[in-house]
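For the record, the sequence lines run as chains A and B.
Count the first sequence with my numbering and you get residues 1 to 321, in order.
Count the second sequence with my numbering and you get residues 1 to 287, in order.
No lab work stands behind these hints, which were simulated from the structure alone.
All values reported here derive from a predicted model rather than from experimental measurement.
Where is the CB? At the ideal position from N, CA and C, for every residue including glycine.
Mixed in with the good hints there might be a few duds.
[To be verified] A short, non-exhaustive set of chain A residues, derived as facing chain B with CB atoms under 10 Å:
1) Ile94
2) Leu167
3) Ser253
4) Asp256
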Amino acid sequence: MEPLLNIEDLRVYFYRPEGVLRAVDGLSYKLYKGEVLGIVGESGSGKSVSVLSILRLLPANGRIVSGSIIFDGKNILELSKEELRDLRGKEIGIVFQDPMSSLNPVITVGQQVMEPLLWHNLCSKNEAYERAKEMLGLVGIPLPEERMKEYPFQFSGGMRQRVMIALALICRPKLLIADEPTTSLDVTIQAQIIRLLKSMKKEFGMSVILITHNLALTTNFCDRLIIMYAGNMMETGKTKDILSNPAHPYTKSLLDAVPDIEVEKELVPIPGSIPSLIDPPSGCRFHPRCSYTMDICREEVPPLFNIDTDHYSACWLHRRA
Amino acid sequence: MKKENKKRIGRSYWANIWRKFKKNKLAVFGLVFVFILVFLGILAPWLAPYPYDEVHYEAVWTPPNRQFWAGTDQLGRDIFSRLLYSLRNAVFVGLGAQAFITFIGVTVGLTAGFYGGTMDNILMRIVDIIYSFPSYLLNIILVLVLGRGYLSIFIAISATGWAGMARLVRGQTLSVKSRDFVEAARASGASNTRIMFRYILPNIMGPIIYAIFSGIPGVMLLESGLSLIGLGVRPPMPSWGLMISEATGQFLYNPYMLLAPAGMLVLTLLSFNFVAFGLRDALSARE
Numbered sequence: 001m002e003p004l005l006n007i008e009d010l011r012v013y014f015y016r017p018e019g020v021l022r023a024v025d026g027l028s029y030k031l032y033k034g035e036v037l038g039i040v041g042e043s044g045s046g047k048s049v050s051v052l053s054i055l056r057l058l059p060a061n062g063r064i065v066s067g068s069i070i071f072d073g074k075n076i077l078e079l080s081k082e083e084l085r086d087l088r089g090k091e092i093g094i095v096f097q098d099p100m101s102s103l104n105p106v107i108t109v110g111q112q113v114m115e116p117l118l119w120h121n122l123c124s125k126n127e128a129y130e131r132a133k134e135m136l137g138l139v140g141i142p143l144p145e146e147r148m149k150e151y152p153f154q155f156s157g158g159m160r161q162r163v164m165i166a167l168a169l170i171c172r173p174k175l176l177i178a179d180e181p182t183t184s185l186d187v188t189i190q191a192q193i194i195r196l197l198k199s200m201k202k203e204f205g206m207s208v209i210l211i212t213h214n215l216a217l218t219t220n221f222c223d224r225l226i227i228m229y230a231g232n233m234m235e236t237g238k239t240k241d242i243l244s245n246p247a248h249p250y251t252k253s254l255l256d257a258v259p260d261i262e263v264e265k266e267l268v269p270i271p272g273s274i275p276s277l278i279d280p281p282s283g284c285r286f287h288p289r290c291s292y293t294m295d296i297c298r299e300e301v302p303p304l305f306n307i308d309t310d311h312y313s314a315c316w317l318h319r320r321a
Numbered sequence: 001m002k003k004e005n006k007k008r009i010g011r012s013y014w015a016n017i018w019r020k021f022k023k024n025k026l027a028v029f030g031l032v033f034v035f036i037l038v039f040l041g042i043l044a045p046w047l048a049p050y051p052y053d054e055v056h057y058e059a060v061w062t063p064p065n066r067q068f069w070a071g072t073d074q075l076g077r078d079i080f081s082r083l084l085y086s087l088r089n090a091v092f093v094g095l096g097a098q099a100f101i102t103f104i105g106v107t108v109g110l111t112a113g114f115y116g117g118t119m120d121n122i123l124m125r126i127v128d129i130i131y132s133f134p135s136y137l138l139n140i141i142l143v144l145v146l147g148r149g150y151l152s153i154f155i156a157i158s159a160t161g162w163a164g165m166a167r168l169v170r171g172q173t174l175s176v177k178s179r180d181f182v183e184a185a186r187a188s189g190a191s192n193t194r195i196m197f198r199y200i201l202p203n204i205m206g207p208i209i210y211a212i213f214s215g216i217p218g219v220m221l222l223e224s225g226l227s228l229i230g231l232g233v234r235p236p237m238p239s240w241g242l243m244i245s246e247a248t249g250q251f252l253y254n255p256y257m258l259l260a261p262a263g264m265l266v267l268t269l270l271s272f273n274f275v276a277f278g279l280r281d282a283l284s285a286r287e
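Bound-form chain A, shown alone (with noise of 0.2 Å):
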């Protein structure tokens, strides 16, 4: 089967007066149509730029050095600025991690969400109304008609994350992008939005991308889950499979960081800190904060290690002497 996205030896730098930032250096990845994919990490991880990259929305000192995003057949580093233009709403839509500040404070929550659809031409203004009114619903917004004609600061953050999904959906993508949709949420928000996302999923059936540096949120959710650590892919499989056998040190100590309230257990939390990605340790970028650490770790990169049907991890520990 074709995928829908294939992402191969993605390098995306940032050139800073103070040096060269390697924020994703040879990331690979395939998504398939209808597929639910988590990528985790901490912050910085290159997470958010990786998928940024997908929209080419990276900031101005931000630069695609090598690699080819191939989304639904096209080359999106070869796209022009009106194809791209194309391409974003309407293929591709995108939900931000802050609801607070994604929408514009002067125009109707109803008008934003009605305008990409005006953008791209797709109906007519009062097809747009009622196709955005119909989706503010189904998002979980009660009374949308009357919603429609207010401002986003009469709305909750939960609320204008529904906002959000709504108008990153309106246009029926093939691919949604979810970039820490929770993160500056109220927990309980939280669940609500990701089963939100779920079922969305349901109804329109598009490929999801699901950022989080929170794994207990991908568990229900997504079908699949890359590790990203300093801009490389540590450990990549199915959901269950990385949750309960983890292969690589890095997914292990997430776990062992993500509190469990109904097992009582001593939260361990990493030691150190996330490197510096402009001069970033040599070998495996996990090497100086992994309690594995060998010789070969700190001289060479480890290169993905099958463990299992489709599950990998980037670990020397994995290699068959």
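Chain B: place on chain A using the hints.
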């Protein structure tokens, strides 16, 4: 529930600002006064009891009385009528030149701030050059070159006045440009033009409106200043500056000749400033 909902609808960004603006009595008073002044100015030809250039040799230097409400000047012209015509000139120059300034300033500032890079550099260096000239001197030179008259005053004042507006708009554009909703709009396929006019401009309207209102008195003052040294509107068309300059020699004998135009000028400038201050306070108080 239903009722509560109805009440909340329509409390837009601008409705909020208006609500805060209304609380400031001085600002509301200023706004009412501004409206009255603008209307008086526009209707001057119909409201003035005498033509501005009609001389009454039998009644030169008459203090205010029932026939001449604000007295007459050295040629026996009705000062009240001349005040109204001056107001008309001030309003036309004030609003007209400010409109030019706003148009040029917003266009340049928005373009420079939004596109950045070389475009920003070129436009802002032009702004720096204009800023570095003593603008009053430049105004005088321009009027001298272009000849006296409405149009040259417009051009002279606009040519030097837009730099400040451009800087303000550029700064505001830069700060709004980096906000998340602009990125979000781009991610849902908005073009540059749409982002500029639908996402950035409406969000910086507050400071722009404040700048417009606080700039109008300055423009009026400039016009009076130019008239004072004989470079404003062409006599016998009156202007406050011209009337003040004619009255200074008479101040000790006929103080009303000076007090009337000076008083009008002060009142007009103050009312515009009060509106500007009210706007500033209403705009800076965020939700």
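Mind checking the CB of serine 253 of chain A against every CB in chain B and telling me if the closest is under 10 Å? Since the shortest Cβ distance to chain B is 32 Å, the answer is violated.
Answer holds if the nearest beta-carbon of chain B is closer than 10 Å to that of aspartate 256 of chain A; otherwise answer violated. This hint is violated: aspartate 256 of chain A lies away from chain B, its Cβ roughly 33 Å from the closest one there, beyond 10 Å.
Cut-off 10 Å, beta-carbon criterion: hint that isoleucine 94 of chain A touches chain B: This hint holds: isoleucine 94 of chain A lies near chain B, its Cβ roughly 5 Å from the closest one there, short of 10 Å.
Chain B contact restraint for leucine 167 of chain A - C-beta distance below 10 Å: Interface hint status for leucine 167 of chain A: holds (6 Å vs cutoff 10 Å).
Violated hints, in rising order: 3, 4; the structure is consistent with all others.
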